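Colleague: Chains as they are written, first to last, in my numbering: chain A, 1 to 286; chain B, 287 to 568.
Some hints here could point you the wrong way.
Facing chain B, from chain A, some residues (calculated, C-beta under 8 Å) [as the list claims (entries may be wrong)]:
| no. | residue |
| --- | --- |
| 1 | Ala26 |
| 2 | Gly47 |
| 3 | Pro55 |
| 4 | Asn59 |
| 5 | Leu105 |
| 6 | Leu130 |
| 7 | Val160 |
| 8 | Gln218 |
| 9 | Cys258 |
| 10 | Thr261 |
Label-pair distances were calculated between CB atoms; the ranges are [to be verified]:
| no. | chain 1 | residue 1 | chain 2 | residue 2 | range |
| --- | --- | --- | --- | --- | --- |
| 11 | B | Ile407 | A | Asp65 | 20 to 28 Å |
| 12 | A | Val244 | B | Ser458 | 41 to 49 Å |
| 13 | B | Ser458 | A | Ser4 | 30 to 38 Å |
| 14 | A | Arg8 | B | Ala478 | 46 to 54 Å |
| 15 | B | Gly325 | A | Thr78 | 43 to 51 Å |
| 16 | A | Ile27 | B | Ala478 | 27 to 35 Å |
| 17 | B | Ile407 | A | Ser147 | 35 to 43 Å |
| 18 | B | Met368 | A | Arg189 | 41 to 49 Å |
| 19 | A | Phe11 | B | Ala293 | 56 to 64 Å |
| 20 | B | Ala289 | A | Ser147 | 25 to 33 Å |
| 21 | A | Arg8 | B | His464 | 15 to 23 Å |
| 22 | A | Arg176 | B | Val552 | 32 to 40 Å |
Residues from chain A shown here face chain B by an in silico Cβ test under 10 Å; the list is partial [unchecked claim]:
| no. | residue |
| --- | --- |
| 23 | His53 |
| 24 | Ile93 |
| 25 | Leu174 |
| 26 | Val178 |
| 27 | Ile193 |
Hints listed in this document are in silico derivations from the structure and should not be mistaken for laboratory results. What you are looking at is a predicted structure, and each value in this text was computed from that prediction instead of being measured. All C-beta atoms, glycine included, are put in the ideal place defined by N, C-alpha and C.
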Amino acid sequence: MTRSRPRRLAFTVGHRAIIVFFTLFAIFPFYWMVVTSFKQNSDLYVGASNTQHNPFVFNQPPTLDHLRTLFGQTLYVTWLFNTLFVGVLVVAITLLLAVPAAYSLARLTGRWGEHLSIGIFLTYLVPSTLLFIPFSRLVSLIGLQNSIWSLVVIYPTFTVPFCTWLLMGFFKTLPREVEESAMVDGCSRVGAIWRVVLPLAVPGILTVVIFAMTLVIQEFVYGLTFISSVQKMTVSVGIPVALVRGDVYYWGSLMAACLITSVPLAILYNFFLDRFIAGFTVGAIK
Amino acid sequence: MLAPALAYILLLVGVPFLLALVLSVTNSSAGSLDVSFVGLQNFRAVVKSPVFLRALRNTFVFTFVSQLLVIVMGNILARALMKKFLGKSLVRFLILLPWAAPISLATLGWLWIFDSTFSVINWVLKVVGYFGPGQWYFWLGDTTLGMIAIITIHVWRMLPFSTVILLAGLSSIPSEVHEAADIDGAGPLAKAFQVTLPMMLPILSVAVLFGVVFTFTDMSVVYLLTRGGPYNSTHVLASLAFQDGVLGGDVGRGAAIALFLLPVLVVLAVVMLRISRRAEVV
Numbered sequence: 001m002t003r004s005r006p007r008r009l010a011f012t013v014g015h016r017a018i019i020v021f022f023t024l025f026a027i028f029p030f031y032w033m034v035v036t037s038f039k040q041n042s043d044l045y046v047g048a049s050n051t052q053h054n055p056f057v058f059n060q061p062p063t064l065d066h067l068r069t070l071f072g073q074t075l076y077v078t079w080l081f082n083t084l085f086v087g088v089l090v091v092a093i094t095l096l097l098a099v100p101a102a103y104s105l106a107r108l109t110g111r112w113g114e115h116l117s118i119g120i121f122l123t124y125l126v127p128s129t130l131l132f133i134p135f136s137r138l139v140s141l142i143g144l145q146n147s148i149w150s151l152v153v154i155y156p157t158f159t160v161p162f163c164t165w166l167l168m169g170f171f172k173t174l175p176r177e178v179e180e181s182a183m184v185d186g187c188s189r190v191g192a193i194w195r196v197v198l199p200l201a202v203p204g205i206l207t208v209v210i211f212a213m214t215l216v217i218q219e220f221v222y223g224l225t226f227i228s229s230v231q232k233m234t235v236s237v238g239i240p241v242a243l244v245r246g247d248v249y250y251w252g253s254l255m256a257a258c259l260i261t262s263v264p265l266a267i268l269y270n271f272f273l274d275r276f277i278a279g280f281t282v283g284a285i286k
Numbered sequence: 287m288l289a290p291a292l293a294y295i296l297l298l299v300g301v302p303f304l305l306a307l308v309l310s311v312t313n314s315s316a317g318s319l320d321v322s323f324v325g326l327q328n329f330r331a332v333v334k335s336p337v338f339l340r341a342l343r344n345t346f347v348f349t350f351v352s353q354l355l356v357i358v359m360g361n362i363l364a365r366a367l368m369k370k371f372l373g374k375s376l377v378r379f380l381i382l383l384p385w386a387a388p389i390s391l392a393t394l395g396w397l398w399i400f401d402s403t404f405s406v407i408n409w410v411l412k413v414v415g416y417f418g419p420g421q422w423y424f425w426l427g428d429t430t431l432g433m434i435a436i437i438t439i440h441v442w443r444m445l446p447f448s449t450v451i452l453l454a455g456l457s458s459i460p461s462e463v464h465e466a467a468d469i470d471g472a473g474p475l476a477k478a479f480q481v482t483l484p485m486m487l488p489i490l491s492v493a494v495l496f497g498v499v500f501t502f503t504d505m506s507v508v509y510l511l512t513r514g515g516p517y518n519s520t521h522v523l524a525s526l527a528f529q530d531g532v533l534g535g536d537v538g539r540g541a542a543i544a545l546f547l548l549p550v551l552v553v554l555a556v557v558m559l560r561i562s563r564r565a566e567v568v
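Okay, chain B solo, but in the shape it has when bound (with noise of 0.2 Å):
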């Protein structure tokens, strides 16, 4: 009865996969149907390229800034769903609503909000006196604007998701270890940092091995809100390879560039593998 489910993945993850590898050692493009073997000379070409180093070093920086602001402000956010409160479930729907939301259309939510004449932003700080007279924000037309309006977004759409799974990990700690702890003379911060810490070392790291798996490998922010824009200074590797090989039509070079994706993702996957078998022997 596996054998169904199986055929499908071998045949519609496996083959695909194959292709990717074969597609980015050839001069394949939309257009023809000649394709020859290149060897390695769209790696060759990518790399010396600046437009796919600087991809390849946003992709990074926006995936470790956003992450460790998501754990940061997640585990705040976690400890304090911890407690109860009146309103309690209506904070835990609102808070998921990010994640729920189809991330295109929760991206255009952004743009809008950080258009360049219209951005409640700009109105905000214009207000309470931040900007000087005649100084404006142009968000998705400067590179470091552009930036960290990219990394907002990732934070506001990965925040609920870590937080949530965070909370299933406290919950989950038995009251006799804060019990025990407690008479044994342990303050606040050596409970936070020698039990809680330790026990939800394991659900930690499956929150921020997620988070950091949805965050590097996602065009959509990016595309929808920049294009890579201002001269693609705020590509990530997705959205260029995207550009190249799909709008570009030089398929070749756009499945080099999403190949990339490929030594991080499998370092990943060995970690959440070397976890989950730690947490069965448990």
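Just chain A, with the same shape it has in the complex (with noise of 0.2 Å):
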């Protein structure tokens, strides 16, 4: 099948025409981003009626002036640490629950052990929005409302059941000889599975790791329903949250506080995204 010169470039620049338009659709709102963090209020704030002024490059210098009102002036790095804080915990309970459970349902045989993993990876799908409103009932009750220790708890809910997935495929992997051989040589079950099985499993719980942090950094229904207080807040609700005070929006240093957010975020997710697909996929590619 050879085709003519033509027809061939034709395929050529529509391929590369839709590749440009994608890639552009993206990241477009990333540039925007980019563009208004860095733009002098005067560059910035000129309507869109006036078609002599380009918004799309800089007519004033750059200015770091919206940089320095997020660090200084706001509370975006108290936000910082508290996602971090929520984040550190949350990962360690998942890890905690999720590890054992992926195990165990990887080495389960039979019926009973692909009808539990299949339910908790259903459990993934019950939506925040359809249980926050029980939730801050049960918040008020156990006394955490307004508490970050709130999120603390109830962030395991989506975190494990999708690690627990994710994991059970990296474990399911592993063959069952390793641990067996290691008991052979005299090793109980926990320690084969502590001196034997962890230590293969780590790019797996390195990857759940990841992914039930920006899990956490996500996250943003429970955020906005448990915790009113603004130093309490994460990033993904301070920012729009109390970043926006009134109706006054501080367009450059909440754009700047989104790229700073966001972009981290999507590197990290860029080195790991084939593990995240295989475990959006399992079963359904072989």
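Got two chains here, each in a separate frame; can you build the complex from them with the hints?
Modeller: Printed below as a string of structure tokens:
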């Protein structure tokens, strides 16, 4: 099948056009965040009806004012610390619950194991928007309303199912013989898991740590529902809720905050993308 | 070793879920401890409310339109990404950005793009001469434009997700299959519809189902972009449940509204189970 030269050229041009179009669509809001973060206010707040003023480029020299405002006069750094605090604890809880569960599910044979693992995965699909109302009741019942600990307790409800599912796929790729031979050599089962299986599972566990962390950073609904004090918020809630004072939007600092929070996450995601896809498509790809 | 995880899930997913059912048949409200059983009164009041019916319709419209666009665009993009070209890994990284960014922050970015005075979209429309004199789009102050804005964000966010999943599916088709189709004389269209599509069906349904679940149950986009406005015309079930149940303090009503998400989720879960079981057999 040889195609004629003009036709091949047309295919290549069409292909590049598709790639360029979709890439621009994906990155435009981020480009817009960059431009907004570093523009002077007099360059930023020119009405869009002024066709002489091109908003896509810097018409005046860039400025770091918005970054100074963000780090100096807002609680952004506090929110980052809150997020890290919640994130580290949630990751720890997630690992404590998900690693043993995933290992047992991976080694459990027969119908029961299969049903249980699918059941665990389905709980990941129970959305926060279905549960936030009963949770707000339960949270005030145990006296955690407006406390960062409410997030520590509740965030594992979505990290544990997802991470168990991901890790289960990972443990299944480790052959049973690994721990059996360790047990023949005199290890107990727990010892075999601790000394042989876990070291082999480090890449899988690292993936889970990253995903649990990103899920915590991205979460918005529970944070919005349970936390009312500005200084106790996480980044995903603090930026949209508390950086907007009344009707006044400090777009420069706002966009800088969005940018600084999103980009590192995106880079991390990219490294672990293939495992992430594997987690979602278990069973559908052979 | 399974017990701690199961206990946690039963306690913190199972119990709240049951509580959601219980609250929906009570007159529970945020300020008082007085709770009494009111039967289906919340549901009856809710289905008579025009705002609720509008939100119910919006939820389906947003989900259906955005996921249809995502699947069409995702297939085009995934096919384009199957080819080798210079800078492919960079393109893959950039295309993934919308999915990795926290949704609340990404929506803020869009809020600025759709700003009534400073919208860059309006600037472009004016410069290219699309706007007549005095014409202007108030993106978030108009029902139709607001709905377009919301759908745009959903498409933008879910497209990377569907694309990477479809890409995984495309790459899992062995090249022998295509070669065999070539030998049998199949053209590109026949190959797309008689070879690739049937083989992609399980993975395609996975992408669609997750896309539907995430879009159908989302409240962040609507809450941050339009707050359901103008005049409650762009609400979805989740954002309306938040407005009535949390901000308005009518817990019973909020719980009842949120429960309308459930039937669709159950159907989706069943379909997903079917697919995973069939894939296991093949």
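Colleague: Against the earlier hints, flag every one the structure doesn't satisfy and list their numbers going up.
Modeller: When the structure is compared with the hints, numbers 4, 14, 25 and 26 turn out to be violated.
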